[in-house]
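Residue numbers (numbering that gives the first Met the number 0), protein chains in the order written: chain A, 0 to 103; chain B, 0 to 229.
Incorrect hints may appear among the rest.
Claimed, not checked - Keeping only pairs whose Cα atoms sit at most 20 Å apart, straight-line, the calculated SDA-like set for lysine to any residue is:
#, chain 1, residue 1, chain 2, residue 2
1, B, LYS179, A, ILE81
2, B, LYS182, B, GLU222
3, B, LYS182, A, ILE34
Hints listed in this document are in silico derivations from the structure and should not be mistaken for laboratory results.
Okay, here's what each chain looks like letter by letter:
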Amino acid sequence: MDRQILLVILGMALVTYLPRMLPLVILSRTQLPNIFLRWLSYIPAAVLAALLAPALFLPEGRFALVGNPYLLAAIPTSLIAIRTRSIALTILCGMAAMVLLNYI
Amino acid sequence: MGWQEEIKQGLKSASPIVLGYLPLGFVYGVLAREAGLDLLTTVLMSVLVYAGSAQFIAVSLLASGAAALSIIFTTFLVNLRHLLMSASLVPYLRRYHPSFLALLSAEITDETFAMAMAHYADHEPSLFYHFTLHLTSHFSWVLASFLGGLTGNLLGDPSRLGFNFALPAMFIILLILQLKNRKTLLVAGIAGALSVGIALLWPGNWNIILAACLAATIGVAVEPWIDRSC
Numbered sequence: 000m001d002r003q004i005l006l007v008i009l010g011m012a013l014v015t016y017l018p019r020m021l022p023l024v025i026l027s028r029t030q031l032p033n034i035f036l037r038w039l040s041y042i043p044a045a046v047l048a049a050l051l052a053p054a055l056f057l058p059e060g061r062f063a064l065v066g067n068p069y070l071l072a073a074i075p076t077s078l079i080a081i082r083t084r085s086i087a088l089t090i091l092c093g094m095a096a097m098v099l100l101n102y103i
Numbered sequence: 000m001g002w003q004e005e006i007k008q009g010l011k012s013a014s015p016i017v018l019g020y021l022p023l024g025f026v027y028g029v030l031a032r033e034a035g036l037d038l039l040t041t042v043l044m045s046v047l048v049y050a051g052s053a054q055f056i057a058v059s060l061l062a063s064g065a066a067a068l069s070i071i072f073t074t075f076l077v078n079l080r081h082l083l084m085s086a087s088l089v090p091y092l093r094r095y096h097p098s099f100l101a102l103l104s105a106e107i108t109d110e111t112f113a114m115a116m117a118h119y120a121d122h123e124p125s126l127f128y129h130f131t132l133h134l135t136s137h138f139s140w141v142l143a144s145f146l147g148g149l150t151g152n153l154l155g156d157p158s159r160l161g162f163n164f165a166l167p168a169m170f171i172i173l174l175i176l177q178l179k180n181r182k183t184l185l186v187a188g189i190a191g192a193l194s195v196g197i198a199l200l201w202p203g204n205w206n207i208i209l210a211a212c213l214a215a216t217i218g219v220a221v222e223p224w225i226d227r228s229c
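Please work from the sequences and hints to get the whole structure.
Right, dumping it as structure tokens:
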């Protein structure tokens, strides 16, 4: 097993466990500050958008608007995602769109 | 209610989660193997980290050769949301011993949290119920990762089957599920634009953390104006 990857997993496990555990075990009688809770409520959408945008717009590390299969495949995938709100269906549709685009 | 009944209810609550985790964990296993993880590491991450989106993100960052620290920081940010869930469980579970809660909280996920909150709306809190729900869901995630990991390297060239778009598609649906109002939509737009901009200027995958923190801060700052214009 790669040592580097093992360290990454242990680090990920620690930083994932602490936010799960600390409020329930320690903060049970105090309140988190409201402004921090509001900031926190934006984080999931912000992180996902920050991950998604480069995957679509910078497929090979360079900005590409035309002839970019990732951007094209994102269109039907988003429509399915909005219509069905199903994770599994969206992934399957995205992969199918990508396969089709590779044939065109 | 007896403990047998509470365990039965835990299994009942877990069953829809298991149905969702099996295909998702399988896809994770496949993608982890394609990112170059071996079977043991693939499964180990599901045992120790056990956080769907963070594991998908870590796999895509590992595949792109990101720095270890940036992967851990990104995981931290993505999983910070569990603070909210853990805090929301306090009113129901505060009467139990902290050592039980320290164990129980290791397996809080979006899905198990939502299920437990729905259950506690009309049931007494119960550790038997809650541990059954958590352990069953976690077990299904680990099992599915293992099966996906076994299949992973049998599939051949990933792009032939469209697997190169599996992660972007996953991010699309997770993002759409997060867009609850105009404010989150605005924050997501800012985060996406900043992320692309920073990635072009600055290699090393720090764009995700920087863009997300900046966009969330802007979101908090402009909230009063958006609320007024609604």
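Fill in: List of violated hint numbers, smallest to largest
none
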